[in-house]
Each structure stands twice: as C-alpha cells, then as structure tokens.
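In case you want the letters, here they are:
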Amino acid sequence: MVVLLTAGTAFCETQQLVEAGSLTSQNSTINTGDTAWVLISAALVMLMTPGLAFFYGGLVRRKNILSVLMQCFMALCIISIQWIVCGYSLSFGPDKHSIIGGLDWTFLNGVGMTPNAAYAPTIPHEVFMMFQMMFAVITPALIIGAFAERMKFSAFVIFILLWATIVYDPITHWLWGNGGFLKNMGALDFAGGAVVHINAGMTALAAALILGKRQGYPNGISPPHNLPFAALGAGLLWFGWFGFNAGSALKASGLAGNAFAVTHIAGAVAGVTWSVLDWLKYKKPTTLGMITGAVAGLAAVTPASGYVTPVGAIWIGIGAGILPWLVVTCIKTKFGYDDSLDAFGVHGIGGIWGVIATGLWATKTINPDGADGLFYGNPLQLWIQIKVVIVTIVYSFVVGAVLLKFVDAVVKLRVSDHEERVGLDLTQHREAAYTIID
Amino acid sequence: MKYIIAVIQPDRLDEVLKRLEEKEIHLVTVSNVVGRGRQKGIAEVYRGHKEQGSLLRKVKLEIAVNDAFVEPAIKAVTDGARTGQIGDGKIFVLDLPECIRIRTGEKGNLAIG
Numbered sequence: 006m007v008v009l010l011t012a013g014t015a016f017c018e019t020q021q022l023v024e025a026g027s028l029t030s031q032n033s034t035i036n037t038g039d040t041a042w043v044l045i046s047a048a049l050v051m052l053m054t055p056g057l058a059f060f061y062g063g064l065v066r067r068k069n070i071l072s073v074l075m076q077c078f079m080a081l082c083i084i085s086i087q088w089i090v091c092g093y094s095l096s097f098g099p100d101k102h103s104i105i106g107g108l109d110w111t112f113l114n115g116v117g118m119t120p121n122a123a124y125a126p127t128i129p130h131e132v133f134m135m136f137q138m139m140f141a142v143i144t145p146a147l148i149i150g151a152f153a154e155r156m157k158f159s160a161f162v163i164f165i166l167l168w169a170t171i172v173y174d175p176i177t178h179w180l181w182g183n184g185g186f187l188k189n190m191g192a193l194d195f196a197g198g199a200v201v202h203i204n205a206g207m208t209a210l211a212a213a214l215i216l217g218k219r220q221g222y223p224n225g226i227s228p229p230h231n232l233p234f235a236a237l238g239a240g241l242l243w244f245g246w247f248g249f250n251a252g253s254a255l256k257a258s259g260l261a262g263n264a265f266a267v268t269h270i271a272g273a274v275a276g277v278t279w280s281v282l283d284w285l286k287y288k289k290p291t292t293l294g295m296i297t298g299a300v301a302g303l304a305a306v307t308p309a310s311g312y313v314t315p316v317g318a319i320w321i322g323i324g325a326g327i328l329p330w331l332v333v334t335c336i337k338t339k340f341g342y343d344d345s346l347d348a349f350g351v352h353g354i355g356g357i358w359g360v361i362a363t364g365l366w367a368t369k370t371i372n373p374d375g376a377d378g379l380f381y382g383n384p385l386q387l388w389i390q391i392k393v394v395i396v397t398i399v400y401s402f403v404v405g406a407v408l409l410k411f412v413d414a415v416v417k418l419r420v421s422d423h424e425e426r427v428g429l430d431l432t433q434h435r436e437a438a439y440t441i442i443d
Numbered sequence: 197m198k199y200i201i202a203v204i205q206p207d208r209l210d211e212v213l214k215r216l217e218e219k220e221i222h223l224v225t226v227s228n229v230v231g232r233g234r235q236k237g238i239a240e241v242y243r244g245h246k247e248q249g250s251l252l253r254k255v256k257l258e259i260a261v262n263d264a265f266v267e268p269a270i271k272a273v274t275d276g277a278r279t280g281q282i283g284d285g286k287i288f289v290l291d292l293p294e295c296i297r298i299r300t301g302e303k304g305n306l307a308i309g
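Residue numbers (the working numbering), protein chains in the order written: chain A, 6 to 443; chain B, 197 to 309.
These are calculated hints, taken from the structure and not from any lab test.
A quick note: this is a predicted structure, and the numbers were derived from the prediction, not measured.
You may find that some hints are simply not true.
Calculated cross-link-like contacts (lysine-lysine; reagent style DSBU-like; alpha-carbon spacing at most 30 Å) [to be verified]:
{"#": "1", "chain 1": "A", "residue 1": "286", "chain 2": "B", "residue 2": "246"}
{"#": "2", "chain 1": "B", "residue 1": "236", "chain 2": "A", "residue 2": "289"}
{"#": "3", "chain 1": "A", "residue 1": "339", "chain 2": "B", "residue 2": "246"}
{"#": "4", "chain 1": "A", "residue 1": "218", "chain 2": "A", "residue 2": "286"}
{"#": "5", "chain 1": "B", "residue 1": "214", "chain 2": "A", "residue 2": "288"}
My request is simple: use the sequences and hints to build the entire structure.
Here is the structure:
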C-alpha cells in the first residue's frame, strides 16, 4: 500500500516537473513514475519464477516436488549471478557484429543510476538491468517442465548456466540488444515471445527427446499430485505477467496500460477456449486444462502485447487455446515424446503462435514505434516474424541439444533408474516434501 | 472377541460412526485407503491423458468388540453404509485372541470396553 501511495505521489511530481518544463538537468531525465512502475514490474516478474515452481511442482509426483522447487529457486539465484557477471553485458552490451553484446558491462561496469538512452531513457540503467534479469531467470526455469522428474541436479546447474550464456544471451541480443540483427530487421517481440517462450520451448523439446521418457511413461505415471498448487502457481504467473508485458513498455504510459489489458484478455480467452475444447472432447472442463490454457494465452500475447488492440488479443487468445491444446492432447501422444509438464507444448507452441500473430494483428495505432501487421496492410511484417520464429527455433533447438549432449558427456544428464524410482527429492536433496506422520 | 474390518464409502463414515455410538461401540480406528472391487472407477483426464483410476478412495474402519457386540456392530455398519449402489463396501470379521489396554495392562474383555 505504501508503495502504491508513493508511486501515486511520484506520478504527480513528474507531471508538475513536465509542466514546469524543467527536464533539462542530468537528474531530471529520470521519470519517477516510469521508474516506480519498472521497479514494481521487476518484482512482479521475479514472483513468476516461484509461481512457475508451484505450477510445475503441483504437476509432478509427491516424490519430486522439491526437486522442481529447488531447480526454480536455483535458477533464480544462479542466473542472477550470471547476469551481473556477464549475462547482461552479452545481451545488452555494446554491439559486436549484430550477434552479441560486448563484455564492456561485465560486473555491471558502467551500469548505474544514469539512464541508458537507447534502452530506457527515463529510468535508471540499473533498474532496466534488474527488470531484464528476471526474464533471464524465468526463461531457463521454463525448460524444467520438459525434463522434470529425471534430471540430475548437478547436470541441471551446469546446463542452465551454459544455456543462459550461449543460448539466452545471444538471442536476447538479436531481438532486444541495440544493434541486434533481428531487431535491425524490424522484428517485433515486445516482451519475449521469441526470446523467452519459443526459446525455452524449443530447448525443452530437445531436452525431452535427449533425456528420454520417464520410467513407466505414459501409462505408469501417477497423475499430478497437487493440482491446487498448480492453480496457485498459475495465478501467480498470471499476476506476474502484468509486470512481464506491461512493464516491457518501460514507461508508466498508455502503451503499458494497453499491454496490461491485452495480456489479461488473451489469458482469459485462451483459458475459456481450452475449457471448451476439453468439454467437447472429454465431456468435462478440467481445472488443469483451464489454467494451462490461460498460461498458453499469456505466453502467446507476450510478443504482441505492445502492438495489438484488445480485439487482436481475443484472436490471439483463441489461437493460443487451440494450437497448444492440439499439441499437448493429441500430437504429443502420437509422437510419444515425454515433455513431462508440456514446456514445449505450451510455451514453445504458444510462443510461435504469438510471434506469428504479432505479424498479423500489430498496428501502429497502438504503438507508432512498432509496425503494421498483415491485417493492417503490411504483409512484410508477417514475413519478418516468420523469419524470427525460424531463426529462434533452429538456434534454440540445435544449440540447446548440443549443450545437453555436452553436459551428458561430462556428468550424465539423467539420474539412475533406482534414483528415479525413489524420487529426486530424496536422492538429489536428501529431503522429503511431505512427512507421513506429523 | 472379534476384530471387525469394514471398508466403506467415505461419505458414509459419519452415519456409520453415529450408529456405532448409538450401540455403545466406541473403539474404532479409521483410515483413508484406496482399493478396488467390483465398482468401476471414474476415469480422470489430465491434459488429454486418461488415467483409468482403477483404485478408488474408501474409508477403512477397524472395530474390536466383545462377542455380544458383534451383531450390533455389523448392523450399525451395514445400516449406516448401505446405499444399495455397487461399491458400498465389505465387512470382514476375524477372531481376536488378545487385547491389552496400554494404560492399565488390563487384558481381554475388560480391555476392549
């Protein structure tokens, strides 16, 4: 409450400043309203990783929930360190050949309170860095859904560090870094449809294929052990997504407000769509289906959230209800790969749909700095978006697979059959989530 | 002395306990169990994956009684648990050679009461 009140006061002060026309001195380029909003947004996005932990944790068996929570929290800790050591610099540092950021900003050298005009001219550079850090954290955590219940913890730690550095940071630079080649090409990815969702989703598919199925999959695996946890996690993800998408405006502006609205709309529509499909095919709407649909919708609208109207968001939500539903309930079963918690099916497919849909429904009436999509008379944008999808799919899948093979060769990716049967909580962490008596 | 094991529908538990109480049978142990019988389970669906759900949730009661209370106990459980639907459960009656009250060390008929 105090935070909100302070933010409110900050808005008033900024307005007075603007009215007084006193935006000349070095300090006054910082807009307090923008800064407050991005600070809050960074905290909202941070909460998504624990939210994801519960979303995924509820879906695994009782013996593995701690391993999932632990992997998510370890991603939060270790990628935060990687980010300040080199991740931020590789992603956003001074451009090298449109491929990667330079190492000039390692250990946040030169990243301080003065805004960086190219990225966010009205907030401290350090605040932008923190906001982006939370994206770098949750993206590798999303991949956990593909290898849950069978990956060795040591392998996990090595893998996400390598993946963040070699896969996440370059792709972030291509799309969001100043000078990145996809950004230069005119790609639209407002909050990370390609950077976060396709990226995590494609490496997730590689992980599911390389690690192989869990013992007993598909018919010998017990159902989710705690769906209320999954629903709690989905709720936290939805809440955090307002920071993810509306925060990506990097301003407390009308654009942020529109991103906030379209994010919510797409999530809601996709949740309903998934429920209807469940209802038609399986006779009952399921809790898991509804929350999965909502997450797919939120993922799909992520790249589009800064460019589409609320009506565009409805169409994106419908597509995000249908396509991941098809992949998760029909195609996965047909091909028989064990994407345990559907990281590829939901985030990969949702992200691909979202990035392409941005090329369909983007409009300059929402964001003059963006572009028009196909439905607003600019088919070229759709072609650019398709190229973004292809580049991201190929890089994330291939390099992700190579990294997994490398880690497998060094420490083995998978726990032993015995450890898998006993559960990762006991064998990887010497803990149990639930006691039997007291 | 007899040891009565009854497996019943979870939602009948309150009714069965009430009827046992009416017949002054107090010694009951209750646990949640899963199992199967002739009743078919309800298949569950998770993201399109069907779980056949062959094990059903039931409640198990264990009741130790003196011989005079065997028939009243069976009647209480039967009356309380019967709905006429498949899946109402079973009652098993076993001989009970010994019973000891831990607090006093009393044995046999005295200890059960």
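Evaluated hints:
1. 286(A) / 246(B): Roughly 12 Å between the alpha carbons, so the hint for residue 286(A) and residue 246(B) holds.
2. 236(B) / 289(A): This hinted pair holds, its Cα atoms lying about 18 Å apart.
3. 339(A) / 246(B): 14 Å, holds
4. 218(A) / 286(A): Cα-Cα ~26 Å, so holds.
5. 214(B) / 288(A): Violated - the C-alpha atoms of residue 288(A) and residue 214(B) are around 38 Å apart, more than 30 Å.
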